[in-house]
Amino acid sequence: MDEKNQLKKVSGKTTAAEKKKSKRRTVGLIIFGVVAVGLIVVIINWRAIFAPMRDMFLPVGKAGFPVSLPGSTAYDMGELGGNFYLLTDTYLYTYTGGGAEIKSVQHGFNRPASSSTDRRVLVYDKNGKDFKVYSKSEEIFSKTMDDAIVFSKMGSGDRSAVVTTSTRYSNYLYIFNAEGKQVFRWASPDEKIMGVSFSDNGKNICVSVVGEKDGELNCAVLCFDITKEQGELWRTSTGSAISYTLDWANDGIYTVTENGAYLFDKDTGEVKAQNTFAKQVTGVCNSREMRVVLFHDSASNGVTALVYNDKLEPAASLSLGEADSVDVEGQTLYVLRENKLSAYDRELLERKTYELDNDYSNVMIMDGGAYLLGYNSVQRVNL
26 MDEKNQLKKV SGKTTAAEKK KSKRRTVGLI IFGVVAVGLI VVIINWRAIF APMRDMFLPV
86 GKAGFPVSLP GSTAYDMGEL GGNFYLLTDT YLYTYTGGGA EIKSVQHGFN RPASSSTDRR
146 VLVYDKNGKD FKVYSKSEEI FSKTMDDAIV FSKMGSGDRS AVVTTSTRYS NYLYIFNAEG
206 KQVFRWASPD EKIMGVSFSD NGKNICVSVV GEKDGELNCA VLCFDITKEQ GELWRTSTGS
266 AISYTLDWAN DGIYTVTENG AYLFDKDTGE VKAQNTFAKQ VTGVCNSREM RVVLFHDSAS
326 NGVTALVYND KLEPAASLSL GEADSVDVEG QTLYVLRENK LSAYDRELLE RKTYELDNDY
386 SNVMIMDGGA YLLGYNSVQR VNL
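Residue numbers 26 to 408, in my numbering, belong to the letters of the sequence shown in order.
The reader is advised that the hints may include incorrect statements.
Cut-off 20 Å, straight-line C-alpha distance, at most; resulting in silico cross-link-like pairs (DMTMM-like, lysine to aspartate or glutamate) [stated by the list, open to error]:
#1 K304 to E283
#2 K154 to E164
#3 K291 to D272
#4 K151 to E164
#5 K217 to E204
#6 K304 to D276
#7 K336 to D290
#8 K291 to D352
#9 K253 to D292
#10 K291 to D276
#11 K217 to E257
#12 K151 to D171
#13 K217 to D239
#14 K336 to D276
#15 K336 to D382
#16 K336 to E380
What the hints contain is simulated information worked out from the structure, not anything from laboratory work.
Start from the sequences, fold in the hints, and give me the full structure.
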(Lines of atoms letter the chains of each structure in order from A; the text may use other names.)
(Lines give C-alpha, C1' and ligand atoms only; values in the text may rest on other atoms or scores of the structure.)
Protein backbone atom coordinates (compact mmCIF):
# COMPACT_ATOMS: atom_id res chain seq x y z
CA MET A 26 0.00 0.00 0.00
CA ASP A 27 1.23 3.49 -0.83
CA GLU A 28 2.58 5.40 2.20
CA LYS A 29 0.43 8.51 1.53
CA ASN A 30 -2.72 6.42 1.20
CA GLN A 31 -1.80 4.51 4.34
CA LEU A 32 -1.38 7.75 6.29
CA LYS A 33 -4.69 9.09 4.92
CA LYS A 34 -6.49 5.90 5.94
CA VAL A 35 -5.10 6.01 9.43
CA SER A 36 -5.74 9.74 9.98
CA GLY A 37 -9.24 9.80 8.37
CA LYS A 38 -8.44 13.08 6.60
CA THR A 39 -9.69 13.86 3.03
CA THR A 40 -7.34 15.41 0.54
CA ALA A 41 -8.18 18.54 -1.50
CA ALA A 42 -8.36 16.44 -4.66
CA GLU A 43 -10.94 14.11 -3.13
CA LYS A 44 -13.00 17.06 -1.88
CA LYS A 45 -13.01 18.49 -5.39
CA LYS A 46 -13.99 15.12 -6.86
CA SER A 47 -16.82 14.73 -4.31
CA LYS A 48 -18.08 18.22 -5.08
CA ARG A 49 -18.16 17.45 -8.80
CA ARG A 50 -20.09 14.25 -8.07
CA THR A 51 -22.66 16.15 -5.96
CA VAL A 52 -23.11 18.82 -8.64
CA GLY A 53 -23.53 16.10 -11.26
CA LEU A 54 -26.23 14.38 -9.21
CA ILE A 55 -28.10 17.68 -8.77
CA ILE A 56 -27.95 18.41 -12.52
CA PHE A 57 -29.13 14.87 -13.28
CA GLY A 58 -32.05 15.30 -10.88
CA VAL A 59 -33.09 18.63 -12.43
CA VAL A 60 -32.92 17.18 -15.95
CA ALA A 61 -34.94 14.13 -14.87
CA VAL A 62 -37.66 16.29 -13.32
CA GLY A 63 -37.71 18.45 -16.45
CA LEU A 64 -38.15 15.41 -18.68
CA ILE A 65 -41.04 14.18 -16.54
CA VAL A 66 -42.75 17.57 -16.82
CA VAL A 67 -42.22 17.60 -20.60
CA ILE A 68 -43.59 14.06 -20.96
CA ILE A 69 -46.71 14.92 -18.93
CA ASN A 70 -47.34 18.18 -20.83
CA TRP A 71 -45.94 17.25 -24.23
CA ARG A 72 -49.06 18.29 -26.14
CA ALA A 73 -49.29 21.75 -24.57
CA ILE A 74 -45.55 22.37 -25.09
CA PHE A 75 -44.97 21.06 -28.58
CA ALA A 76 -48.32 21.72 -30.29
CA PRO A 77 -47.72 25.50 -30.59
CA MET A 78 -44.18 24.84 -31.88
CA ARG A 79 -45.50 22.38 -34.45
CA ASP A 80 -48.08 24.93 -35.58
CA MET A 81 -45.26 27.37 -36.40
CA PHE A 82 -44.14 25.09 -39.22
CA LEU A 83 -47.55 24.19 -40.64
CA PRO A 84 -47.92 24.44 -44.40
CA VAL A 85 -50.51 27.15 -44.93
CA GLY A 86 -52.21 28.57 -47.97
CA LYS A 87 -51.48 31.88 -49.61
CA ALA A 88 -52.21 34.84 -47.37
CA GLY A 89 -54.18 37.90 -48.39
CA PHE A 90 -57.67 39.39 -48.47
CA PRO A 91 -60.37 39.05 -49.49
CA VAL A 92 -60.57 35.36 -48.59
CA SER A 93 -62.84 33.51 -51.01
CA LEU A 94 -65.26 31.21 -49.20
CA PRO A 95 -66.06 27.70 -50.40
CA GLY A 96 -69.79 28.29 -50.52
CA SER A 97 -72.32 27.37 -47.84
CA THR A 98 -75.77 28.25 -46.58
CA ALA A 99 -74.38 29.95 -43.45
CA TYR A 100 -71.12 30.78 -41.71
CA ASP A 101 -70.17 31.21 -38.06
CA MET A 102 -67.00 33.33 -37.70
CA GLY A 103 -64.89 33.32 -34.54
CA GLU A 104 -61.51 34.30 -33.11
CA LEU A 105 -58.76 31.77 -32.36
CA GLY A 106 -55.77 33.51 -30.80
CA GLY A 107 -54.82 35.94 -33.59
CA ASN A 108 -56.26 33.53 -36.14
CA PHE A 109 -59.89 33.12 -37.14
CA TYR A 110 -62.19 30.27 -38.06
CA LEU A 111 -65.32 29.72 -40.12
CA LEU A 112 -67.85 27.04 -39.22
CA THR A 113 -70.20 25.87 -41.96
CA ASP A 114 -72.88 23.20 -42.07
CA THR A 115 -70.23 20.66 -43.09
CA TYR A 116 -66.71 22.02 -42.43
CA LEU A 117 -64.53 23.86 -39.93
CA TYR A 118 -61.97 26.13 -41.64
CA THR A 119 -59.11 27.82 -39.78
CA TYR A 120 -57.10 30.77 -41.14
CA THR A 121 -54.17 32.88 -40.04
CA GLY A 122 -54.80 36.52 -39.22
CA GLY A 123 -53.31 37.29 -42.62
CA GLY A 124 -55.96 35.26 -44.44
CA ALA A 125 -54.00 32.07 -45.20
CA GLU A 126 -55.94 28.83 -44.79
CA ILE A 127 -54.41 26.56 -42.13
CA LYS A 128 -56.77 23.59 -42.05
CA SER A 129 -60.19 22.38 -43.13
CA VAL A 130 -61.91 19.44 -41.46
CA GLN A 131 -65.34 17.86 -41.92
CA HIS A 132 -67.12 17.82 -38.55
CA GLY A 133 -70.04 15.57 -39.51
CA PHE A 134 -72.67 17.31 -37.35
CA ASN A 135 -76.28 18.00 -38.33
CA ARG A 136 -76.70 21.25 -36.36
CA PRO A 137 -73.17 22.53 -35.70
CA ALA A 138 -72.48 25.32 -33.21
CA SER A 139 -69.18 26.58 -31.82
CA SER A 140 -67.40 28.30 -28.94
CA SER A 141 -63.74 29.37 -28.85
CA THR A 142 -60.87 30.75 -26.78
CA ASP A 143 -57.44 31.96 -27.89
CA ARG A 144 -56.17 28.37 -28.20
CA ARG A 145 -59.10 26.13 -29.07
CA VAL A 146 -62.49 25.93 -30.73
CA LEU A 147 -65.23 23.59 -29.55
CA VAL A 148 -67.73 22.38 -32.16
CA TYR A 149 -70.85 20.53 -31.00
CA ASP A 150 -73.97 19.04 -32.51
CA LYS A 151 -76.84 20.99 -30.98
CA ASN A 152 -79.51 18.55 -29.79
CA GLY A 153 -77.15 15.75 -30.83
CA LYS A 154 -74.75 13.86 -28.56
CA ASP A 155 -71.30 14.62 -30.01
CA PHE A 156 -68.72 17.37 -29.68
CA LYS A 157 -65.13 17.87 -30.82
CA VAL A 158 -62.34 20.16 -29.64
CA TYR A 159 -59.79 21.50 -32.16
CA SER A 160 -56.64 23.58 -32.14
CA LYS A 161 -56.04 25.72 -35.21
CA SER A 162 -54.42 22.73 -36.90
CA GLU A 163 -55.86 19.47 -35.56
CA GLU A 164 -58.57 17.68 -33.62
CA ILE A 165 -57.57 17.39 -29.94
CA PHE A 166 -60.32 15.06 -28.74
CA SER A 167 -63.96 14.13 -29.31
CA LYS A 168 -66.72 12.86 -27.02
CA THR A 169 -70.13 11.24 -27.32
CA MET A 170 -72.46 12.11 -24.44
CA ASP A 171 -75.21 9.91 -23.01
CA ASP A 172 -77.85 12.60 -23.56
CA ALA A 173 -78.54 15.39 -26.06
CA ILE A 174 -76.31 18.47 -25.86
CA VAL A 175 -78.15 21.71 -25.07
CA PHE A 176 -75.07 23.94 -25.41
CA SER A 177 -71.31 23.85 -24.89
CA LYS A 178 -68.68 26.45 -24.08
CA MET A 179 -64.90 26.58 -24.34
CA GLY A 180 -63.28 28.06 -21.24
CA SER A 181 -59.97 29.12 -19.73
CA GLY A 182 -57.34 26.49 -19.07
CA ASP A 183 -58.50 24.65 -22.21
CA ARG A 184 -61.51 23.37 -20.26
CA SER A 185 -64.81 22.51 -21.94
CA ALA A 186 -68.27 22.89 -20.44
CA VAL A 187 -71.06 20.71 -21.86
CA VAL A 188 -74.70 20.96 -20.77
CA THR A 189 -76.99 18.05 -21.65
CA THR A 190 -80.56 16.95 -21.11
CA SER A 191 -81.32 14.18 -18.61
CA THR A 192 -84.09 11.69 -17.93
CA ARG A 193 -83.59 12.04 -14.17
CA TYR A 194 -82.75 15.73 -13.77
CA SER A 195 -83.39 19.02 -15.54
CA ASN A 196 -79.82 19.22 -16.87
CA TYR A 197 -76.34 17.80 -16.44
CA LEU A 198 -73.28 20.03 -16.52
CA TYR A 199 -69.96 18.34 -17.41
CA ILE A 200 -66.48 19.90 -17.33
CA PHE A 201 -63.62 18.30 -19.29
CA ASN A 202 -59.93 19.17 -19.02
CA ALA A 203 -57.47 19.85 -21.85
CA GLU A 204 -57.05 16.13 -22.59
CA GLY A 205 -60.78 15.40 -22.60
CA LYS A 206 -60.95 13.85 -19.12
CA GLN A 207 -64.09 14.60 -17.12
CA VAL A 208 -63.12 16.59 -14.01
CA PHE A 209 -66.53 17.82 -12.78
CA ARG A 210 -70.21 16.97 -13.07
CA TRP A 211 -73.24 18.66 -11.60
CA ALA A 212 -76.84 17.51 -11.86
CA SER A 213 -79.36 20.35 -11.74
CA PRO A 214 -82.45 18.73 -10.18
CA ASP A 215 -85.20 21.25 -10.92
CA GLU A 216 -83.67 24.17 -12.83
CA LYS A 217 -82.64 24.59 -16.45
CA ILE A 218 -79.04 25.72 -17.04
CA MET A 219 -78.95 28.85 -19.20
CA GLY A 220 -75.30 29.90 -19.17
CA VAL A 221 -71.80 29.02 -17.94
CA SER A 222 -68.69 31.16 -17.46
CA PHE A 223 -65.17 30.19 -16.30
CA SER A 224 -62.83 32.08 -13.98
CA ASP A 225 -59.52 33.15 -15.50
CA ASN A 226 -57.63 30.30 -13.79
CA GLY A 227 -60.26 27.72 -14.79
CA LYS A 228 -60.79 26.68 -11.14
CA ASN A 229 -64.26 28.17 -10.67
CA ILE A 230 -67.38 28.43 -12.79
CA CYS A 231 -70.55 30.43 -12.46
CA VAL A 232 -73.84 29.07 -13.78
CA SER A 233 -77.14 30.82 -14.50
CA VAL A 234 -80.32 28.77 -14.00
CA VAL A 235 -84.08 29.21 -14.35
CA GLY A 236 -86.72 27.30 -12.43
CA GLU A 237 -90.17 27.73 -10.95
CA LYS A 238 -91.43 28.62 -7.49
CA ASP A 239 -95.09 29.08 -6.54
CA GLY A 240 -96.02 29.27 -10.21
CA GLU A 241 -93.50 32.05 -10.94
CA LEU A 242 -90.14 32.00 -12.69
CA ASN A 243 -87.29 31.72 -10.22
CA CYS A 244 -83.85 32.53 -11.64
CA ALA A 245 -80.42 32.53 -10.02
CA VAL A 246 -76.66 32.61 -10.52
CA LEU A 247 -74.53 29.95 -8.78
CA CYS A 248 -70.78 29.56 -8.27
CA PHE A 249 -68.82 26.27 -8.05
CA ASP A 250 -65.26 25.18 -7.33
CA ILE A 251 -64.74 22.45 -9.93
CA THR A 252 -61.67 21.09 -8.13
CA LYS A 253 -63.81 19.92 -5.22
CA GLU A 254 -66.74 17.52 -4.88
CA GLN A 255 -69.22 19.79 -3.15
CA GLY A 256 -72.30 21.87 -3.75
CA GLU A 257 -72.37 25.48 -4.86
CA LEU A 258 -70.16 28.00 -3.09
CA TRP A 259 -72.93 30.57 -3.27
CA ARG A 260 -76.26 31.24 -4.94
CA THR A 261 -77.88 34.62 -5.65
CA SER A 262 -81.38 35.13 -6.99
CA THR A 263 -82.23 37.39 -9.92
CA GLY A 264 -85.96 37.01 -9.32
CA SER A 265 -87.93 36.27 -12.46
CA ALA A 266 -85.26 37.73 -14.77
CA ILE A 267 -83.70 35.15 -17.13
CA SER A 268 -80.00 35.76 -17.84
CA TYR A 269 -79.04 36.37 -21.47
CA THR A 270 -75.28 36.54 -20.88
CA LEU A 271 -72.93 35.59 -18.05
CA ASP A 272 -69.31 36.82 -17.78
CA TRP A 273 -66.53 36.34 -15.25
CA ALA A 274 -65.24 39.92 -15.41
CA ASN A 275 -62.38 41.71 -13.63
CA ASP A 276 -64.69 43.40 -11.13
CA GLY A 277 -67.16 40.56 -10.53
CA ILE A 278 -69.69 38.23 -12.11
CA TYR A 279 -71.59 40.28 -14.71
CA THR A 280 -74.94 39.13 -16.06
CA VAL A 281 -77.45 40.83 -18.33
CA THR A 282 -81.04 39.67 -17.87
CA GLU A 283 -84.28 40.53 -19.64
CA ASN A 284 -85.12 43.03 -16.86
CA GLY A 285 -81.75 44.48 -15.94
CA ALA A 286 -78.06 43.88 -15.26
CA TYR A 287 -76.27 42.62 -12.15
CA LEU A 288 -72.69 42.63 -10.88
CA PHE A 289 -71.99 40.02 -8.18
CA ASP A 290 -69.02 39.68 -5.84
CA LYS A 291 -66.93 36.69 -6.99
CA ASP A 292 -66.37 35.32 -3.50
CA THR A 293 -69.75 35.82 -1.84
CA GLY A 294 -72.33 36.41 -4.59
CA GLU A 295 -73.32 39.69 -2.94
CA VAL A 296 -74.88 42.20 -5.36
CA LYS A 297 -72.31 44.95 -5.94
CA ALA A 298 -74.34 46.87 -8.53
CA GLN A 299 -77.56 46.50 -10.49
CA ASN A 300 -80.04 48.38 -12.65
CA THR A 301 -83.35 47.86 -14.43
CA PHE A 302 -84.26 48.03 -18.12
CA ALA A 303 -87.32 49.71 -19.58
CA LYS A 304 -86.85 48.36 -23.13
CA GLN A 305 -86.42 44.97 -24.76
CA VAL A 306 -82.84 43.68 -24.89
CA THR A 307 -81.72 42.64 -28.38
CA GLY A 308 -77.98 42.14 -27.82
CA VAL A 309 -75.03 42.44 -25.47
CA CYS A 310 -71.38 43.17 -26.29
CA ASN A 311 -68.57 44.14 -23.97
CA SER A 312 -64.83 44.23 -23.42
CA ARG A 313 -62.89 44.51 -20.18
CA GLU A 314 -63.10 48.31 -20.46
CA MET A 315 -66.59 48.86 -21.88
CA ARG A 316 -70.07 47.39 -21.35
CA VAL A 317 -72.71 47.90 -24.02
CA VAL A 318 -76.33 46.68 -24.11
CA LEU A 319 -78.47 46.93 -27.25
CA PHE A 320 -82.20 47.63 -26.99
CA HIS A 321 -85.04 47.59 -29.50
CA ASP A 322 -85.73 51.11 -30.80
CA SER A 323 -89.39 51.29 -31.76
CA ALA A 324 -89.00 54.73 -33.35
CA SER A 325 -86.48 53.56 -35.96
CA ASN A 326 -87.36 49.86 -35.81
CA GLY A 327 -83.64 49.42 -35.15
CA VAL A 328 -81.46 49.32 -32.06
CA THR A 329 -80.28 51.75 -29.40
CA ALA A 330 -76.90 51.27 -27.72
CA LEU A 331 -76.39 52.11 -24.03
CA VAL A 332 -72.98 52.21 -22.35
CA TYR A 333 -72.89 51.40 -18.62
CA ASN A 334 -70.21 52.49 -16.15
CA ASP A 335 -68.61 50.45 -13.34
CA LYS A 336 -71.69 50.96 -11.16
CA LEU A 337 -73.96 49.79 -14.02
CA GLU A 338 -75.36 53.28 -14.43
CA PRO A 339 -76.20 54.50 -17.97
CA ALA A 340 -73.29 56.64 -19.18
CA ALA A 341 -74.13 57.19 -22.86
CA SER A 342 -76.91 56.36 -25.33
CA LEU A 343 -77.24 56.43 -29.11
CA SER A 344 -79.74 55.19 -31.70
CA LEU A 345 -77.84 53.03 -34.20
CA GLY A 346 -80.72 52.52 -36.62
CA GLU A 347 -80.73 49.24 -38.51
CA ALA A 348 -77.27 47.99 -37.55
CA ASP A 349 -76.24 44.63 -39.03
CA SER A 350 -73.53 43.72 -36.51
CA VAL A 351 -71.61 45.27 -33.59
CA ASP A 352 -68.40 44.48 -31.72
CA VAL A 353 -66.41 46.09 -28.92
CA GLU A 354 -62.63 46.30 -28.52
CA GLY A 355 -61.08 48.28 -25.68
CA GLN A 356 -63.12 51.46 -25.32
CA THR A 357 -64.45 51.52 -28.88
CA LEU A 358 -67.78 50.30 -30.23
CA TYR A 359 -67.78 49.26 -33.91
CA VAL A 360 -71.06 49.24 -35.80
CA LEU A 361 -71.53 47.62 -39.22
CA ARG A 362 -74.25 48.87 -41.56
CA GLU A 363 -73.98 47.00 -44.88
CA ASN A 364 -71.07 48.78 -46.64
CA LYS A 365 -70.16 51.17 -43.82
CA LEU A 366 -68.25 50.58 -40.55
CA SER A 367 -68.41 53.25 -37.83
CA ALA A 368 -66.25 53.55 -34.70
CA TYR A 369 -67.65 55.18 -31.52
CA ASP A 370 -65.86 56.04 -28.27
CA ARG A 371 -67.26 55.24 -24.80
CA GLU A 372 -69.34 58.46 -24.95
CA LEU A 373 -70.78 57.06 -28.21
CA LEU A 374 -69.35 59.90 -30.23
CA GLU A 375 -68.50 58.81 -33.77
CA ARG A 376 -64.73 59.00 -34.23
CA LYS A 377 -64.19 57.39 -37.62
CA THR A 378 -66.10 55.90 -40.55
CA TYR A 379 -64.79 53.29 -42.98
CA GLU A 380 -66.33 52.99 -46.43
CA LEU A 381 -66.32 49.31 -47.43
CA ASP A 382 -65.94 47.71 -50.84
CA ASN A 383 -69.09 45.59 -50.48
CA ASP A 384 -72.04 44.77 -48.24
CA TYR A 385 -71.18 42.66 -45.18
CA SER A 386 -73.31 40.93 -42.54
CA ASN A 387 -70.93 40.41 -39.62
CA VAL A 388 -67.90 42.16 -38.10
CA MET A 389 -65.24 40.83 -35.71
CA ILE A 390 -62.52 43.12 -34.33
CA MET A 391 -59.14 41.46 -33.79
CA ASP A 392 -55.49 42.59 -33.64
CA GLY A 393 -56.08 46.06 -35.01
CA GLY A 394 -58.28 44.93 -37.88
CA ALA A 395 -61.98 44.52 -38.69
CA TYR A 396 -62.78 41.10 -40.16
CA LEU A 397 -65.92 41.39 -42.29
CA LEU A 398 -68.04 38.43 -43.34
CA GLY A 399 -69.77 38.76 -46.68
CA TYR A 400 -71.84 36.51 -48.90
CA ASN A 401 -68.87 34.58 -50.31
CA SER A 402 -65.78 36.25 -48.85
CA VAL A 403 -64.04 37.59 -45.75
CA GLN A 404 -62.44 41.02 -45.97
CA ARG A 405 -60.07 42.75 -43.53
CA VAL A 406 -59.91 46.49 -42.92
CA ASN A 407 -57.02 48.01 -40.97
CA LEU A 408 -58.26 50.19 -38.11
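Here is how each hint holds up against the structure:
no.	hint	verdict
1	K304 to E283	holds, 9 Å
2	K154 to E164	holds, 17 Å
3	K291 to D272	holds, 11 Å
4	K151 to E164	holds, 19 Å
5	K217 to E204	violated, 28 Å
6	K304 to D276	violated, 26 Å
7	K336 to D290	holds, 13 Å
8	K291 to D352	violated, 26 Å
9	K253 to D292	holds, 16 Å
10	K291 to D276	holds, 8 Å
11	K217 to E257	holds, 16 Å
12	K151 to D171	holds, 14 Å
13	K217 to D239	holds, 17 Å
14	K336 to D276	holds, 10 Å
15	K336 to D382	violated, 40 Å
16	K336 to E380	violated, 36 Å
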